[in-house]
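Visitor: Protein chains in written order, with the UniProt record's numbering: chain V, 1 to 425; chain U, 1 to 425; chain H, 1 to 425; chain S, 1 to 425.
One or more hints might be untrue.
Which copy? The list can't say, so a pair holds if one copy fits it or any two copies do.
What the hints assert, rightly or not - Using 27 Å as the maximum straight-line C-alpha spacing, the simulated DSS-like pairs for lysine-lysine come out as follows: (1) K139 - K357; (2) K418 - K139; (3) K418 - K201; (4) K191 - K357; (5) K167 - K418; (6) K418 - K271; (7) K167 - K191; (8) K357 - K201; (9) K201 - K271; (10) K171 - K271; (11) K171 - K357; (12) K171 - K418; (13) K191 - K418; (14) K167 - K271; (15) K191 - K171; (16) K139 - K171; (17) K357 - K271; (18) K201 - K191; (19) K167 - K357; (20) K167 - K139.
Just so you know, the hints here were simulated from the structure itself, not pulled from any lab data.
4 protein chains.
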Amino acid sequence: MQVRTQLSSLNQSGLSRHDSDYDHLSDRLSSRGLSVEDVVSQLADFQVAIPSWALGAGGTRFGRFSFYGEPGNLEQKIADVGILHALTQTAGAVSLHIPWDTPTDYAAVRDLAREYQLVFDAINSNTFQDQPGAEHTYKHGSLSATDEGARQQAIDHNLEVIAIGEKLGSKSLTVWLADGTTFPGQRNFQKSLTQTEDSLKQIYAGLPSDWKLYIEYKPYEPNFYSTVIQDWGTSLMLANACGDRAYTLVDLGHHLPNSNIEQIVSTLMLKGKLGGFHFNDSKYGDDDLTVGSIKPYALFLIFSELVYGMRNNPQNPDLAWMIDASHNIKDPLEDLIQSLEAIQEAYAKALLVDQTKLSAAQEAHDVVLCQEILQDAYRTDVRPLVQRARLNRGGALHPLRAYRALGVRDELIRQRGKHTVATGL
Amino acid sequence: MQVRTQLSSLNQSGLSRHDSDYDHLSDRLSSRGLSVEDVVSQLADFQVAIPSWALGAGGTRFGRFSFYGEPGNLEQKIADVGILHALTQTAGAVSLHIPWDTPTDYAAVRDLAREYQLVFDAINSNTFQDQPGAEHTYKHGSLSATDEGARQQAIDHNLEVIAIGEKLGSKSLTVWLADGTTFPGQRNFQKSLTQTEDSLKQIYAGLPSDWKLYIEYKPYEPNFYSTVIQDWGTSLMLANACGDRAYTLVDLGHHLPNSNIEQIVSTLMLKGKLGGFHFNDSKYGDDDLTVGSIKPYALFLIFSELVYGMRNNPQNPDLAWMIDASHNIKDPLEDLIQSLEAIQEAYAKALLVDQTKLSAAQEAHDVVLCQEILQDAYRTDVRPLVQRARLNRGGALHPLRAYRALGVRDELIRQRGKHTVATGL
Amino acid sequence: MQVRTQLSSLNQSGLSRHDSDYDHLSDRLSSRGLSVEDVVSQLADFQVAIPSWALGAGGTRFGRFSFYGEPGNLEQKIADVGILHALTQTAGAVSLHIPWDTPTDYAAVRDLAREYQLVFDAINSNTFQDQPGAEHTYKHGSLSATDEGARQQAIDHNLEVIAIGEKLGSKSLTVWLADGTTFPGQRNFQKSLTQTEDSLKQIYAGLPSDWKLYIEYKPYEPNFYSTVIQDWGTSLMLANACGDRAYTLVDLGHHLPNSNIEQIVSTLMLKGKLGGFHFNDSKYGDDDLTVGSIKPYALFLIFSELVYGMRNNPQNPDLAWMIDASHNIKDPLEDLIQSLEAIQEAYAKALLVDQTKLSAAQEAHDVVLCQEILQDAYRTDVRPLVQRARLNRGGALHPLRAYRALGVRDELIRQRGKHTVATGL
Amino acid sequence: MQVRTQLSSLNQSGLSRHDSDYDHLSDRLSSRGLSVEDVVSQLADFQVAIPSWALGAGGTRFGRFSFYGEPGNLEQKIADVGILHALTQTAGAVSLHIPWDTPTDYAAVRDLAREYQLVFDAINSNTFQDQPGAEHTYKHGSLSATDEGARQQAIDHNLEVIAIGEKLGSKSLTVWLADGTTFPGQRNFQKSLTQTEDSLKQIYAGLPSDWKLYIEYKPYEPNFYSTVIQDWGTSLMLANACGDRAYTLVDLGHHLPNSNIEQIVSTLMLKGKLGGFHFNDSKYGDDDLTVGSIKPYALFLIFSELVYGMRNNPQNPDLAWMIDASHNIKDPLEDLIQSLEAIQEAYAKALLVDQTKLSAAQEAHDVVLCQEILQDAYRTDVRPLVQRARLNRGGALHPLRAYRALGVRDELIRQRGKHTVATGL
């Protein structure tokens, strides 16, 4: 679909309202000494990868209600991300999941992505499901397995994923290891951890010299008693064991109730070991809901630490940003538009925090003022800034309205039919 | 399989050890004035229903590792329960789930159950999945729906489930309503609740006069923001609105972290409104693990309240007991044997609690002694009592060992093959 | 302190900025068909009671860091609330806690309150601590006690609290019953509940005919195994047993992790049984933090249900609003200013929700649009509206800045000294 | 009190029952090839320190119900521990808390302890409360403070605590750092962590060469937004930064809901970094309840990992064991007797786990059998083993019964009066 070319006329009707809002806000912020243009420019530069497995309807163990017009192959998935990026100008990358989205014609896939102005971000391996025809089962573990066959198969799979990523221009591998146990006593914790460390080292050894390894953690699910890489402490320990280019990856939904995630982020950046970030939101567990739909203030606090770290922690690399949500009840593309909007909003608000004043208030133990400073930024309606950043790049003033006005989903259904099912969760 | 007939010889080898253990324990307990025979007789009478949907391998949204020899139809499921009951003498009932297990030949199904000495306990409806060919979708709710078509379809389904149950001798309907929302604002809480109350009343109106209605509750999953019947308070309110034969059903896994479930049980029995009970165990959410595998002491405390209520609350009806667990990693039949054993163990320990002494200690505010009394019962090794109850009914001394010694699973694989998949979750 | 008279000059400097912000926002909202004046007027009418026990420094079991200039008696506490009200015009009521703040000269106390334009809202009883000279201890329970002496003492105390409230013009009694157990088996759940119901009925019988009874619930603390009134279901059951003028009171911090509080609010209003509301915020338990400091979006969602109920549930009475927070680390008055601001902000945003559009989107199952509608309201910077409401009543444009500019705390320290300690927690 | 000498006659009446139970159990266990004598001997060797701050009644922020006969000084506290040890033969150490229990006459205190056969285990510092006359406040942090005065005072206090410990024969320092924040933005996470690391290094530098440093962690309370050392990952990072003799200390109550503590224990022992252990139990938060009163199976699973580590991880040092509970509602000495019993019980059960069979079942992926092996050990009534271990050392067959039969509390009240209040929480 040629979304981009139709946007300028679509945007037209809202522009005067936007200009008025932007000017009013800009005036207010500038009077505080803030460079609004810098903020807009940072927002415009911020790009988030879209995972290839999240473009169809998601579900739970109790079932799945399908959605029409789902992408039936990798090319269609890339096209979906292209639409998202045209509208939002924030989705300039795609993150592949192997084997769900193994390309067949690499050159064509690369060309297609380029056409949509997309790059390939971190590539993801899958050793939590058995693939048809696989020699070994992962039922009893993969990278942590005591069965050498299964373990070697899992290591080899990761190496193969790296090889695929190299052909596409990816520069990092994300390992989410679902291995764990469902019952006490089921496996030996120490052996599982030792095996995992050895496996990760072997994968790390196969990493091209300009690649990074991201090690994700999660307390539970699909295993309900223990998970080998259960928390950031375990992930960091493993990353340290692998080497300089191994990092911890934080997924917002992968924490026990009431966790202080922003503190984890801060600690990891201080240690130069925060590699990537998976955005979503949740109320109960790893609910994989739209970013910002449940706890937007927590997201803002996390972004405040990220912004602080990006400014003050040169020891920490640039981060890999990705949305990792499920779309059980919404049109996946609309859901992703809402997520991207929420990310930009939280980032914008974090950029408004007056770090100099905050630092002074902290030193003076003025707890009340510290809160005022954060809340002043958070309470600001930053939508005009986010819109301006999008407009400057040629995106939509109102991406969701544009998506609907353009009849994107109807068009996709016309092209793909009602009953395609996207690979993924 | 003719399990039962082979048990007496299998039991032989362990009998002298058992007799010695039983005699020693019996001697100790009798010296406290306890009637050990009464305890054994109550254990023998305790029967738990096995759900038809839990005889195959379960899984999560991340996948499922299949198990060999799964039952491929209702008859095979009944046969599986028959094996369980022959071994444990505690699984004398089966609980059907419609439409997963709709019978075709009722007479044959009834005969088959009778042959295995099984009765049909509460029957369960399913309005959380769309069935092929259904006119209306449940994507936007079923009994709570504002779409009258979907709502009527869900009500009709429940009435049809009652009709099926009547033909099999069931005397109760369990409604687990998965309806809810995944995002704030998605639906109007008050309308959803009002619609649900109206739907349940219509179902209740269609209930035969000797039937009961059990209303289950659950805080989340498959919906991740709200669930219409989120807690026991909501369930009780709805049961009261329906009438005398409507009750709350408690599923152990359906509670927020740290809930005091035994207190809920106690309150409901005091009010005469506890109807049924779903056993399982969990560490993080509705993990549906083997009963007693994670928090056996909590199970004992719950059983202590159940025993108290069964003795002191004539206003409360006999309860419907059912296991409601998933078997993601274990042989389902072995898993169920372990669950049944854990239930019997917790019940036995609760029966050992000296309620007279406990009551006196409570009146005297002797908190330390109250704990001693509970822990004295809990710390007792009651396996000889559970074994004796089983032996008295002709079951296995060691059900799991017998199951393995008899090669049950191998035989089932021979009969059914490796790749059958049981209907259910 | 004569705060009020100094405000008009203090407000002067910020007025032109405020007018510009207000006009811009008003223009934007009016273009949607919203009556901004109505919103401002509703905000101006919204009044929250300040509890007498929260004007000094709070603490934990690990200690307390005191604050200077704390009020040393009831008169000083009323003066503190008067300052708050002068600044914010939102704190027009005080909620007393007996015996911590039993008046000696009622006429003088009433006059003092009138002078500050304060009324006496719900009055609170205390049966969770032993008072010097008390005949019976509450160590083993108060309203739930099996000791008739302690129970009668607790009932009598509540009746006495009502009598005190009558002399001050209060129209409601709030009962927070801390009774519960710290260990399994410590007391009989059913007896505790039965005794509590009986006690509450006796208190209810002593309630003047124009009074209401609010029954608070809480899952744990100060008891760590069970609490007699553990959740809204128990509270509602007790309120129903007492009669028409007995209601449930919701305290935001009194819930298990991940609870959906807005749904509870909605259910209670539908049933006409939500009586009162205690504001605070929390991350881990009953942390009693500044309102809106941790989960402002949850507060907004709760307010959305409150606004919906106030418009659509005539069966539910006007609510009693109170802040119930602890001030462990901030100047209590500054903390309360921040809480009042956060309440007004959440209320303003809830008033902006386009209920007609939301209802239509809900009926159309447009989940994405439902979220957009809520978030559009939430993302709006409503501070100009809150400011305007305050200004219209003669309050401060920026209450916190005014508080500091006026040197209120310094003045209080001059008057009261450094080492007064307020009664309360 | 001369408890010990009276025990042999008190024990007499229960001995024949005990012998019979012991012989029966011993026979059963021996038939499996287990050396029962080894188990009994390991139990007898297991000694747990009693903290000096937990010998009086505890409370919450809502108040405290006092207990009669509390120890009014350090000598009386040591006497209390002496009674405990005489009865249980498991409480052979005392753990001091400075400044609550700073000795005045060291020689006398050492002599007194020796008389009761007690040693001084890890000594604890306190920088979470301001002491009268202290120059700097810890309100804004201690070891993490940006105020150099407060920070230096906290470091100096720890060095002083070491000096005190040296005079008593302690060989380790436990640092529980309560520092953290109550509101977002209150302090800079990275500065707090950096300061803390520096402070701990200074303390470590002052550690005698045969001492160890234990770094405790806790997610929240007394701070309710963040805690500097929030989890084991942070503690381990700091211990690694300090050096070889710095270790992580695990307190069972210091975890977020649903944490898998046994896995943390296992990881730390694998890395040789588990230094100490604080026993208690909890249902909601850091409830500090009697050990084993809420989740005895979890305690057993933790002990299974501890036993595994003690056998297989020579890289990990001997652990410092301590009870860290509060006694809000029970006689502190009775409460501690129950805790000690629960610890011994869990340890005994863990010693019964057939590690060889478990390891084989794990290798064979026999999840069902793994559970059977753990549950077989757990379901065994090990009280005869624990009793035998006590008897062998000259302790009481039934410590609680002996405590009551001897009228210990009455005697203490006679000696100390009703209104002494022990220093501590």
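Visitor: Any hints from earlier that this structure breaks? Give me their numbers in increasing order, please.
Guide: When the structure is compared with the hints, numbers 3, 5, 6, 7, 8, 11, 12, 13, 14, 15, 16, 19 and 20 turn out to be violated.
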